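Trainee: Sequence:
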Amino acid sequence: MNEKQETAWAVKRQKGRSPFLLRYILSFGIGAALVLTLTDYVFNEDVLYPFIAIRFVVFGVIGFFVANSLWDSREKKYLARTQRKPSKKK
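If you count by the UniProt record's numbering, then the sequence shown holds residues 1 to 90, one letter each, in order.
Since the hints were made in silico from the structure, they are not lab data.
Remember, it's a predicted structure, so these values are computed and weren't measured experimentally.
Do not rely on the hints blindly, as some may be mistaken.
Using 25 Å as the maximum straight-line C-alpha spacing, the simulated SDA-like pairs for lysine to any residue come out as follows [as the list claims (entries may be wrong)]:
id, residue 1, residue 2
1, Lys12, Asn68
2, Lys15, Ile25
3, Lys76, Phe28
4, Lys76, Gln5
5, Lys76, Phe64
6, Lys12, Gly31
7, Lys76, Ser18
8, Lys15, Arg74
9, Lys15, Ser69
10, Lys12, Ala80
Assemble the whole structure, with the sequences as input and the hints as a guide.
Mentor: Structure follows, in structure tokens:
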């Protein structure tokens with residue numbers, strides 16, 4: 001993590017974990033479900049409505065896990081960079 005990434009993460013970190021997770025759930029989960037549904041409609045010319053609901057739930061859950069692991073990864077890198085141990089003096 002470089003200095004620019006550190007400042008960007010500090011801003012996102014101040015906003016909180018919940019908005020971060022929600023943004024990724026909506027963008028990844030809902031986005032993937034929409035793309036898959038549109039692809040299904042284009043190629044099959046038919047959409048089964050129960051599958052739409054299932055896709056939104058499944059991809060929403062996947063989005064949650066992706067966002068959660070991304071948060072943990074960035075948080076670990078941020079803390080490692082900001083909480084460096086002082087050098088030992090002899």
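Trainee: All the hints need checking, so say for each whether the structure fits it.
Mentor: Now the hints, each set against the structure:
1. With a CA separation close to 14 Å, the supplied pair Lys12 and Asn68 stays within the 25 Å bound.
2. Distance hint between Lys15 and Ile25 is fulfilled; the C-alpha atoms sit about 16 Å from each other, no more than 25 Å.
3. For the suggested pair Lys76 and Phe28, the alpha carbons sit about 22 Å apart, so the restraint of at most 25 Å is met.
4. Distance check on the hinted pair: Lys76 and Gln5 sit about 13 Å apart at the alpha-carbon level, within 25 Å; holds.
5. In summary, the hint linking Lys76 to Phe64 is supported, as the alpha carbons are separated by about 18 Å, within the 25 Å threshold.
6. At roughly 21 Å between alpha-carbon atoms, Lys12 and Gly31 fall within 25 Å of each other, so this suggested pair holds.
7. Proposed proximity of Lys76 and Ser18 is supported: the alpha carbons are some 17 Å apart, at most 25 Å.
8. Distance restraint check for Lys15 and Arg74: the Cα-Cα separation of roughly 14 Å lies within the 25 Å cut-off, and the hinted pair is therefore satisfied.
9. As the CA atoms of Lys15 and Ser69 are separated by approximately 18 Å, the hinted pair is consistent with the 25 Å bound.
10. Restraint check for Lys12 and Ala80: the C-alpha separation of about 17 Å stays at or below 25 Å, so the hint holds.
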